[in-house]
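**Student:** As a plain string of letters, each chain reads:
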Amino acid sequence: MRTLQETWIVFNRAMRLSLRNPMWSILMLSQPLMYLFLFGPLLKPITAQISQGATTNAYQVFIPGLIVQLGMFGAMFVGFGLIAEYRAGVIEADRVTPASRIALMAGRVLRDVVVLVVQSILLLVVSIPMGLRAPWGGVLLSLVIVALLGATFASLSYSVALITKSEDALAPLLNGIAMPLLLLSGILLPMQIGPKWLQRLSDISPLKHVVNGVRALFRGDIGSSSSLWGLFWVVLLTIVGLTVGARTFRKESA
Amino acid sequence: MMIEARGLVRTFKTKRGQVQAVQGVDLNVADGEIVGFLGPNGAGKTTTMRMLATLIKPTSGSATVAGCDLAEDPVGVRRRIGYVPQSGSTLPEAIAGDEVVDHARLCGVSKKQAIADGQRMFDELDLPGLWRRQCKTLSGGQRRRLDIVMGLIHDPKLIFLDEPTTGLDPQARANLWEHIRGLRERGATIFLTTHYLDEADALCDRILVIDHGKIVASGNPEELKQQVSGDGVRLSLTDASQAPAASKIVAELDGAVAIETDGDVVAFRIPKGGSILPGLLRSIDAQGIELNGVEVRRPTLDDVFLTMTGRSLRDEDHAVPADEEAAA
Ligand SMILES: Nc1ncnc2c1ncn2[C@@H]1O[C@H](COP(=O)(O)OP(=O)(O)O)[C@@H](O)[C@H]1O
Ligand SMILES: [Mg+2]
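Sequence order for the protein chains is A and B.
The letter at position 205 of the first sequence is residue 205 when you use my numbering, and the numbering goes up by one with no holes.
The letter at position 192 of the second sequence is residue 1192 when you use my numbering, and the numbering goes up by one with no holes.
Treat the hints loosely; a few may be bogus.
Below, in silico cross-link-like pairs of lysine-lysine (DSS-like), each with a Cα-Cα straight-line distance of 25 Å or less [unchecked claim]:
#, chain 1, residue 1, chain 2, residue 2
1, B, LYS1214, B, LYS1225
2, A, LYS165, B, LYS1225
3, A, LYS251, B, LYS1015
4, B, LYS1057, A, LYS165
5, A, LYS165, B, LYS1013
I should point out that these hints are in silico values taken from the structure, not numbers from a laboratory.
Generate the whole structure from the sequences, applying the supplied hints.
**Tutor:** Quick look at the structure:
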């Protein structure tokens, strides 16, 4: 109970700061918007191939990738904010209070999740005039997946930030992870259209299954094995991410 | 006892090897005391304080802080202490009052109480009208006082202050000293670090002198000064080139210790500095050495430090404003 209350206090503080300086959130949203407007139109001519004959439109395939990408990248870099807080002494000030260490992390992660979900909704709304059609249920479940993915990457990012305590260590690390993850997850184009070896390689990436799951949800195949696997993986990732995050917050805060 | 620490040790691993920041500190702080931790930069003051405030774990050793065991019940310790870090505790973009209220609420204070207490403390610490200001728009001294409000907002019974007056102007320092004394009168115990001699002297009931991670002396300021043998004598020469000769004369005096030459100044310590002076001046005159001025001082805390460590606290800190007697 107390932990929830403390999480709420930390969340409120973090949210207030994000709203005071919305530039960062806007910048994070500009990336998927650019993909949407500058890359999306290229997909129309090849829709038939990537949807493998099904009667889907290009955006049903493309938008799920974009919101997963948003969930991942939007949350991946939140560690930089934590390092700024660390430098300002805020983390120590928090840690010297009796507040639960979990709450100190959870409040910040919750803020990141809320920002991501709002960004995703905005992205979906502007995609409608571009031609996106998807069932409500599938979209709602997809937003849940984005939220969980955001929570995962945010807590991992905070963990790495707390351990390294340095932007110089965090930046190359994140970029080193982000690029292969992006390419191997079939975020831009489904892996199914690639050669066999690349498909096998991409099977390693749990994110690929998550993206496939969201695509299935956007098609309305809520009970399909793709969507169930996607949900399974995102839940597993979330458990791992939050556990690592909580442990780091507890340990690094002695 | 408010703090009882035994054999605190902390080593840091760095790229260049191990740093032994704190090497076996024992200390006791009684209820209601103001105890000062005096030492030069890098002595291990902050590290010791961060251990006692549960922010880092001791490599070895144990402590009871505010009645709770440091290792067994860190949350209990945190409930009872306030901690003002050496280097800030607020985000530049945040609003000062918001930071105070959020911090207080994490300490378990209600929002209403936090606002009332926070605004009162803003007035007491001379931060009027700054409640809604962004932290980065405050001056250095104002931010320092904001840190102090943050650390004290929940009215803790044990207060850790790490170099609380660094960056404050003399008037603000005096005001803060008054505030700290007031806290003690209300029943709080205060443990502070400082490298200002006058601060330790004026504010503290008891001083622990720390150097290279070890406590080298402790006692109240007067006791400590009595431990130092003799008065400080400073001879200012007209011509710096005569300093070696003057230093040689001084060396022949009975009981002269800690003889140091710095440019045109020869300084040393000797029992009953006043009475050896006439003879000394005659010898100096006889050698044709010209004097600009002579100064005899009662021992200060700096002399205590010098005696204990062979170094002066003042060497590295030229910004000490007070305690600087005019050469008479
Ligand atoms: N986190 C750390 N990592 C490595 N070395 C540290 C760390 N914190 C302090 N030290 C080292 O420990 C010694 C004592 O530092 P500190 O306790 O900050 O001294 P003081 O507060 O008395 O100036 C210094 O040599 C400092 O460089
Ligand atoms: Mg220090």
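**Student:** A separate judgement is required for each hint: does it hold in the structure or not?
**Tutor:** Taking the hints in turn, this is what the structure says about them:
Our distance criterion of 25 Å between C-alpha atoms is met by B/LYS1214 and B/LYS1225, whose separation comes to about 19 Å. Proposed proximity of A/LYS165 and B/LYS1225 is contradicted: the alpha carbons are some 43 Å apart, above 25 Å. Proposed proximity of A/LYS251 and B/LYS1015 is supported: the alpha carbons are some 21 Å apart, at most 25 Å. Under the criterion of a C-alpha separation no larger than 25 Å, the hint pairing B/LYS1057 with A/LYS165 is consistent with the structure, at around 18 Å.
A distance of roughly 15 Å separates the Cα atoms of A/LYS165 and B/LYS1013; the hinted pair therefore holds under the 25 Å criterion.
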